[in-house]
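> Take a look at the letters that make up each chain.
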Amino acid sequence: MAAALKFRLKGTEYEAVPVKLERKKLYGWTDVVATDSAGNVCTTAQVDPDGELLIPPGAVKSALLDADGAWVERSELVAVDENGAELPIVPSSFGQTISLGAKATEEEFLDHVWKSVYQLDNPQLAEAIGQDIYSFTFNYRADASPEDGYLVASDGKVFLFDGEKLAFEYIGIAEESALDEPGEEEPAEDDELDFSMM
Amino acid sequence: MRKLNIANEAKRDAEVGFEMKKATPKARLALRSGREYASARLLKGTFATELAALEKANADVAAALEVGDPEIDMELEGRKLEGLSKVYLSPDGKVAYVVKLEEHVHAPDGSEKEVRAIKEMPANIAVENMPIRWTGKMFPKAAALRKFVFARSYQLHHVNGLTYDFLFAMAKKLDEAKAMMLVGGGEKGTGPLVFTMNGSPYRGFLEGRVQGEKYLLILHLTNLELKEVANA
Numbered sequence: 043m044a045a046a047l048k049f050r051l052k053g054t055e056y057e058a059v060p061v062k063l064e065r066k067k068l069y070g071w072t073d074v075v076a077t078d079s080a081g082n083v084c085t086t087a088q089v090d091p092d093g094e095l096l097i098p099p100g101a102v103k104s105a106l107l108d109a110d111g112a113w114v115e116r117s118e119l120v121a122v123d124e125n126g127a128e129l130p131i132v133p134s135s136f137g138q139t140i141s142l143g144a145k146a147t148e149e150e151f152l153d154h155v156w157k158s159v160y161q162l163d164n165p166q167l168a169e170a171i172g173q174d175i176y177s178f179t180f181n182y183r184a185d186a187s188p189e190d191g192y193l194v195a196s197d198g199k200v201f202l203f204d205g206e207k208l209a210f211e212y213i214g215i216a217e218e219s220a221l222d223e224p225g226e227e228e229p230a231e232d233d234e235l236d237f238s239m240m
Numbered sequence: 646m647r648k649l650n651i652a653n654e655a656k657r658d659a660e661v662g663f664e665m666k667k668a669t670p671k672a673r674l675a676l677r678s679g680r681e682y683a684s685a686r687l688l689k690g691t692f693a694t695e696l697a698a699l700e701k702a703n704a705d706v707a708a709a710l711e712v713g714d715p716e717i718d719m720e721l722e723g724r725k726l727e728g729l730s731k732v733y734l735s736p737d738g739k740v741a742y743v744v745k746l747e748e749h750v751h752a753p754d755g756s757e758k759e760v761r762a763i764k765e766m767p768a769n770i771a772v773e774n775m776p777i778r779w780t781g782k783m784f785p786k787a788a789a790l791r792k793f794v795f796a797r798s799y800q801l802h803h804v805n806g807l808t809y810d811f812l813f814a815m816a817k818k819l820d821e822a823k824a825m826m827l828v829g830g831g832e833k834g835t836g837p838l839v840f841t842m843n844g845s846p847y848r849g850f851l852e853g854r855v856q857g858e859k860y861l862l863i864l865h866l867t868n869l870e871l872k873e874v875a876n877a
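Residue numbers (my numbering), protein chains in the order written: chain A, 43 to 240; chain B, 646 to 877.
Rather than coming from a laboratory, the hints here were simulated on the basis of the structure. Glycine residues also receive a C-beta, built at the ideal position from the N, C-alpha and C atoms. Please note that a few of the clues may not be correct.
[Said to hold, decoys possible] In silico DSS-like links for lysine-lysine, alpha-carbon gap of 30 Å or less:
#: 1; chain 1: A; residue 1: Lys207; chain 2: B; residue 2: Lys725
#: 2; chain 1: B; residue 1: Lys725; chain 2: B; residue 2: Lys786
#: 3; chain 1: A; residue 1: Lys207; chain 2: B; residue 2: Lys758
#: 4; chain 1: A; residue 1: Lys207; chain 2: B; residue 2: Lys823
#: 5; chain 1: B; residue 1: Lys823; chain 2: B; residue 2: Lys758
#: 6; chain 1: B; residue 1: Lys701; chain 2: A; residue 2: Lys52
#: 7; chain 1: B; residue 1: Lys701; chain 2: B; residue 2: Lys666
[As the list claims (entries may be wrong)] Some chain B residues judged to face chain A by a derived CB distance under 7 Å, without partners named:
#: 8; residue: Leu676
#: 9; residue: Val732
#: 10; residue: Lys782
#: 11; residue: Lys786
#: 12; residue: His803
#: 13; residue: Val804
#: 14; residue: Leu861
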């Protein structure tokens, strides 16, 4: 059974299993299928720049190499701060009760980019949250980089937002920016689903 | 900074800059020894060393694996890979140079709803004479953040004095209303916003804040409603 998150708000404890909110679950999804001139469904592979090496799916492995080309195990890596000091591991939020006390403004909430949003099915928690937005440190897995967590209630449901703060700054007339020159390459976007919301 | 063409409520348009600025990460991964490292992509196998090929070449694959290493190409395994391109293969394993691409659309339950030709979707945020427009539909901030998941947010930047006045006025109006304005792209100014060729379409909501003579104008993008999903 999936693990539940526990919260404490105004002295009362609440529990709910987070269910990730995904476009696929709400709107469906699209696959691109290629067929050859005979109408057969094609599979994909990759080819090197010389066009000589044909690589099957799943045959490209990500690796870490040092300056001499020697293999580096991921387990050798540690999280450090900007000064190079090792950071402590923050436990997963699943192993403890999250105390909800700090409230956030709408602007603070909107100043974030979200990695994930989860639905929590607990009407009593939704009622207790009301129109407030609660902020807390959230860590899905134990690691050194916990994220900002927020709880929002909507239509009797609670939603947990997990993300990081953006560095928006107020700007005055003197802080004008320069536009990129025409023809500069646009960054590619992640390949996502068709929009079918409204 | 990337360019965006946007109109105000009075349908006056201007080209402005936009960016998403993440905060500096608090943590990074490093080796305790201080050695530098970099990521790489390595070859893990070839068609000749796949199970299907091994089964074709060996009557008893298990026995072959016991006495040798037929699953490893000693010349190629571990080769660094860069600049790879995608190709399509016919069922016979040969490269298909002419392919037809179609989209198979699935419902949330997995059933196939439709098969259709792929339509190219050009970017529409910086088209001359086709600015992003205010739709006139305002959403109080409290309602908007409880109705939509804003996946990305970009700050708009002025590029000269005129565009400062232009954007500042927008931000002031929205700040005073404590609301977000739904903006749209395309010829009618009501369609979704597409930031790159064949990129994901998003609905855009403009939020404005003002502090003295300074402003903050943010374009929040969403392609997901804050709605209950059926099951876990």
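> Straight-line Cα separation of lysine 823 of chain B and lysine 758 of chain B no greater than 30 Å?
This hinted pair is violated, its Cα atoms lying about 41 Å apart.
> So, valine 732 of chain B near chain A? Judge it on the closest CB pair being under 7 Å.
OK, holds: valine 732 of chain B within 7 Å of chain A, min 5 Å.
> Close enough to count: is the Cβ of leucine 861 of chain B nearer than 7 Å to one in chain A?
5 Å, holds
> With the threshold set at 30 Å, check whether the alpha-carbon distance from lysine 207 of chain A to lysine 725 of chain B stays at or below it.
Status violated; Cα separation ~36 Å.
> Have a go at the lysine 786 of chain B hint: is there a Cβ in chain A nearer than 7 Å to its own Cβ?
Interface hint status for lysine 786 of chain B: holds (5 Å vs cutoff 7 Å).
> Against chain A, with CB atoms and a cut of 7 Å, does the hint on leucine 676 of chain B hold up?
6 Å, holds
> Should the hint that histidine 803 of chain B touches chain A count as held when the rule is a Cβ pair under 7 Å?
5 Å, holds
> Within a Cα-Cα threshold of 30 Å, do lysine 725 of chain B and lysine 786 of chain B meet the stated pairing?
This hinted pair is violated, its Cα atoms lying about 50 Å apart.
> Closer than 7 Å between Cβ atoms is the bar; does valine 804 of chain B clear it against chain A? Give me holds or violated.
6 Å, holds
> For the pair we were handed, lysine 701 of chain B and lysine 666 of chain B, check the Cα-Cα distance against 30 Å.
Violated: lysine 701 of chain B and lysine 666 of chain B sit about 54 Å apart, past 30 Å.
> Tell me if the interface restraint on lysine 782 of chain B is satisfied: Cβ within less than 7 Å of some Cβ in chain A.
Result: violated, 11 Å to nearest chain A Cβ.
> Are lysine 207 of chain A and lysine 823 of chain B close enough, with their CA atoms no more than 30 Å apart?
21 Å, holds
Hint compliance for this structure: hints 1, 2, 3, 5, 6, 7 and 10 are not met, and every other hint is.
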